[in-house]
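Each chain, letter by letter, is given below.
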Amino acid sequence: MSNYPKFAVVGHPNKGKSSIVASLSLDSSIQIGNTPGTTQVKRGFPLKVDGEIIYELFDTPGFQRARRVFACLQEHDDVPADKRADVVSEFVFKHKENEQFRDEVELLEPILNGAGIIYVVDASKPYGAEYEIEMEILRWCGQPSMAILNLIGEEDYREDWTRALGQYFRMVRTYNPMTARHNEHIELLESMAQLKEEWTKPIKKAIIVLDELYDKKVDESIDTLVNYMVEVLSLVHKQKIKKEEASPEEKEEAKLDYRKKILQLEKKERKSIEKIWNHSEIEKNEATLALERVGLFSKESASIFGLTQKELIVSSVATGATAGATIDLLAVGHTMLLGALVGGVVGGVGAMFGFDNLYEVKVLGKSLGRRELTIGPMQNLNFPYVLLGRSLYHACMVAKRSHAVRGNLDLEDSTFTQELMEGENRKGLEKLHLKLRKADELEEEVLEAYKKLIKKIFLKLL
Amino acid sequence: MKNNTANFSLKSYLDLAQLLTKYRGTHEENRAFALSQKEQGLKLLSLWKDKNLHRVLDELDSFKYLHYLTLFTSLFGFTLLLLGFFTGVALLSYSGSQPVNVIYLLLVMVGFPLFSMFLSLLSLFTGNIGAKIFSHFSPLYYLEKVINFFPFAKQIDFSALPFSSTLSKWIFLKRLQLFSFLFALGLFLALVFTVVSKDIAFAWSSTLAIDPVAFQHVLSFLASPWQNFFPSSVPSLELIEVSHYFRLGDKLDANMVQNADKLGAWWKFLAMATLTYALLLRLVFWFMMKLGFNQQLKKEVLRLEGVKKLLKEFYTPFVSTASLKPEQHLEVKNESTFLATEIFSDKYASLLAWNYDEKTLLLLQDTNKITATKSYVVGGKNSFAQDKAIVDGLQGKVLIYVKAWEPPTMDFMDFLEEVLAKGSVNSVEVCPLGTANENYSSNASDMKMWLQKLETIHSEKLEVIDV
Chain A
15 MSNYPKFAVV GHPNKGKSSI VASLSLDSSI QIGNTPGTTQ VKRGFPLKVD
65 GEIIYELFDT PGFQRARRVF ACLQEHDDVP ADKRADVVSE FVFKHKENEQ
115 FRDEVELLEP ILNGAGIIYV VDASKPYGAE YEIEMEILRW CGQPSMAILN
165 LIGEEDYRED WTRALGQYFR MVRTYNPMTA RHNEHIELLE SMAQLKEEWT
215 KPIKKAIIVL DELYDKKVDE SIDTLVNYMV EVLSLVHKQK IKKEEASPEE
265 KEEAKLDYRK KILQLEKKER KSIEKIWNHS EIEKNEATLA LERVGLFSKE
315 SASIFGLTQK ELIVSSVATG ATAGATIDLL AVGHTMLLGA LVGGVVGGVG
365 AMFGFDNLYE VKVLGKSLGR RELTIGPMQN LNFPYVLLGR SLYHACMVAK
415 RSHAVRGNLD LEDSTFTQEL MEGENRKGLE KLHLKLRKAD ELEEEVLEAY
465 KKLIKKIFLK LL
Chain B
39 MKNNTANFSL KSYLDLAQLL TKYRGTHEEN RAFALSQKEQ GLKLLSLWKD
89 KNLHRVLDEL DSFKYLHYLT LFTSLFGFTL LLLGFFTGVA LLSYSGSQPV
139 NVIYLLLVMV GFPLFSMFLS LLSLFTGNIG AKIFSHFSPL YYLEKVINFF
189 PFAKQIDFSA LPFSSTLSKW IFLKRLQLFS FLFALGLFLA LVFTVVSKDI
239 AFAWSSTLAI DPVAFQHVLS FLASPWQNFF PSSVPSLELI EVSHYFRLGD
289 KLDANMVQNA DKLGAWWKFL AMATLTYALL LRLVFWFMMK LGFNQQLKKE
339 VLRLEGVKKL LKEFYTPFVS TASLKPEQHL EVKNESTFLA TEIFSDKYAS
389 LLAWNYDEKT LLLLQDTNKI TATKSYVVGG KNSFAQDKAI VDGLQGKVLI
439 YVKAWEPPTM DFMDFLEEVL AKGSVNSVEV CPLGTANENY SSNASDMKMW
489 LQKLETIHSE KLEVIDV
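In order, the protein sequence lines correspond to chains A and B. Residues in the first sequence are numbered from 15 upward in steps of one, following the numbering used here. Residues in the second sequence are numbered from 39 upward in steps of one, following the numbering used here.
Any given hint could turn out to be false.
[As the list claims (entries may be wrong)] Derived coverage of chain B by chain A (criterion: at least 3 residues anywhere in the stretch with Cβ under 8 Å from a Cβ of chain A; other residues may be distant):
(1) 351-359
(2) 408-419
(3) 435-447
Since the hints were made in silico from the structure, they are not lab data. C-beta: ideal position from N, C-alpha, C; glycine also.
Let the sequences and hints guide you as you build the complete structure.
Right, dumping it as structure tokens:
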């Protein structure tokens with residue numbers, strides 16, 4: 015028999031058992047619904063590390079005929095406490111094929127096979143004495159147990175529930191699978207580790223593994239995001255042209271293709287981020303992500319995720335002035351701070367013109383008499399902020415999203431850029447964005463510095 | 039200690055790059071592969087490439103590129119060998135009237151190779167700028183342009199190959215050493231061939247007024263690598279003096295004619311100089327470039343898109359949380375044809391409160407102003423016998439209060455069916471109620487859940503009340 019810890023998540027129907035399992039197993043594919051009986055059979059969700067199972071969670075159907083089951087159990091007169099689990103086993107064995115007790119058999123089986131009990135209740139609804147029969151049946155199973163208070167609605171009856179549950183379960187914890195984050199997940203696991211002495215070690219191991227997994231996901235997200243930024247910022251689209259000069263149609267066609275490429279890259283990046291966080295089935299708010307409507311290339315988008323022209327000028331002045339001040343410093347003040355002044359003016363003026371300047375269209379002569387039209391890299395100074403703002407926000411929302419949530423991902427938040435654009439971050443980003451446009455000459459150090467900065471912002475947002 | 043580095047060749051590098059564009063494996067597969075191997079690092083990467091290369095169904099880029107490179111190398115190698123040979127023959131052409139100028143030979147056989155080696159070093163230490171200047175000095179730069187017009191070159195998209203400018207520089211420099219070696223070999227063979235087949239008189243001549251003693255010092259310095267092994271191949275001061283030649287005069291100096299047997303002795307020095315500086319030193323350079331190329335290739339392998347992730351996957355434990363058992367998907371009906379009424383009847387024969395206590399039952403009765411002859415608490419902690427006794431006594435119109443937020447369990451459905459089956463019961467109204475804080479009003483989603491479940495009973499006696 016396997017020695018790893020097992021936990022059966024049980025309870026009344028529709029109390030969020032599957033949501034809790036989805037959240038703890040990081041699996042967004044589990045069917046969750048407010049129709050009783052959504053979970054029809056028990057399913058094990060093992061946490062495996064290189065094929066070795068560390069612990070296993072069981073999602074189970076809810077109690078349907080608890081009173082009837084308990085009545086069957088009570089048919090045995092004066093069962094001593096040490097024999098009660100045998101009585102439950104006998105019941106499960108006897109009714110294995112009985113359709114009437116299908117749900118109870120499914121939920122009791124893993125417990126009788128050694129799984130710890132995680133009893134889930136909805137603490138946003140009043141306590142009811144009818145739950146006591148379920149709790150009594152679970153007590154008969156004689157396995158280590160804890161209760162989870164899940165707050166599905168807005169009201170809070172946790173006090174009443176805690177008083178009642180405390181009489182049946184060793185531990186009572188609050189866990190909301192819809193809003194739970196990584197640290198709450200880990201806290202719950204720490205509680206589960208206390209249920210049985212032998213389970214402490216494997217659960218601690220699981221905690222380390224999950225922490226590492228979380229860090230890995232953060233790093234992978236940063237890599238994906240940074241690679242995407244480099245790819246888009248340095249993107250050059252080439253198109254052959256028929257004559258000496260590109261016709262307006264050829265220019266328009268090239269611009270469309272260029273935009274299409276950027277949109278494709280954004281789509282690819284979004285998919286990768288969602289895959290990293292195991293949210294492959296995620297449904298996004300189309301209105302927000304439909305780039306045709308938001309328009310990466312329109313000025314309006316700047317106020318959503320990019321900087322406003324004013325912010326951009328301030329940021330560019332600051333960067334230019336810093337560069338100028340360095341010259342002043344090298345000249346030990348002989349330049350009378352002219353460097354900072356000139357640098358600031360140059361940066362600011364550049365930003366003023368760069369705001370509307372989207373991309374350059376060039377016609378380059380090629381060998382063998384062929385000519386081609388090139389578009390890019392994107393010159394708009396605000397463009398990297400639009401790009402980064404959108405991507406960071408998406409990545410952040412995906413990373414924070416619980417696997418129990420089934421609704422659309424809402425990606426509208428106009429205040430998001432404020433976090434991104436805090437003083438030091440803005441200066442750092444401005445410098446690095448200029449370098450990212452030259453992918454061929456991009457030094458490893460620049461890339462690392464950019465990753466470090468993005469990670470800092472990302473972790474803060476998380 | 040395990041050997042963690044593998045000698046990636048250009049072929050394996052190209053193969054890996056092409057494979058990575060087609061296939062990268064999953065974390066699970068890659069980790070399983072890494073655990074099954076003893077090797078680590080690049081060697082492990084190389085084994086992974088060998089294992090998965092069959093997945094590339096197109097023609098390998100390496101095959102086309104290396105074919106091109108081999109063809110290019112062979113063509114130019116052979117051309118340069120011939121060029122070297124004929125240059126040597128031309129330089130050593132001796133009509134019998136004028137001797138062959140040693141200085142001229144030294145410039146081509148020693149000076150030129152040393153200069154090109156210097157440029158190679160320059161390009162190594164000055165990055166790409168040096169390489170760019172250097173490439174424009176070399177005829178190979180132009181030859182490479184010419185080769186682009188050959189049909190086989192058009193079969194390869196060079197811009198798509200994963201070569202950085204630094205790697206291209208190393209490929210170029212390594213090959214340049216080979217071409218220079220072959221050119222020098224041609225020269226050397228021409229020297230041997232000419233010396234054997236002809237009787238050549240060597241002399242030295244320069245517009246600059248070079249003192250024979252100073253010249254001898256220079257030559258001795260040049261000959262220092264071999265003077266201890268082959269002292270006869272170091273030109274003596276006497277040989278230098280007798281072979282000093284002036285361009286004026288239409289015939290050879292009498293002194294030179296007198297020492298005609300000695301003039302041929304220069305060949306040993308020339309042969310050793312070519313062997314040492316143009317061939318052996320070139321081999322050393324070739325070896326250096328080979329080492330540099332291998333080092334650069336290793337760096338480039340690590341920079342290939344996907345490699346870092348792959349290596350990370352090799353060393354990071356694979357964590358999975360998915361269930362092995364497929365989900366039994368429940369088809370959820372969105373709409374219910376069963377409709378709820380909003381008005382209570384005037385009077386009920388019995389009022390049942392499912393899963394409520396006595397106190398709440400009285401409160402509910404009072405709140406909703408329900409007139410019922412009898413009222414009972416059912417379900418909850420009641421035994422089946424208690425419930426059965428209540429059901430046995432039911433008749434007429436029955437109202438059942440249920441908690442709207444609690445889903446209708448089978449326990450309730452069994453009870454309801456029992457009540458409906460009772461002949462003395464005319465009708466049954468089920469009323470899902472909200473919490474006290476909601477003023478006992480049920481919300482739409484809870485009501486929908488009850489309607490959907492209750493309609494499965496298909497009884498004309500059954501009604502649902504939505505307050």
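How the hints compare with the structure:
1. 351-359: Coverage by chain A holds for the stretch 351-359 of chain B (6 residues, Cβ < 8 Å).
2. 408-419: holds (count 3)
3. 435-447: Three-residue rule met by the stretch 435-447 of chain B, so holds; n is 6.
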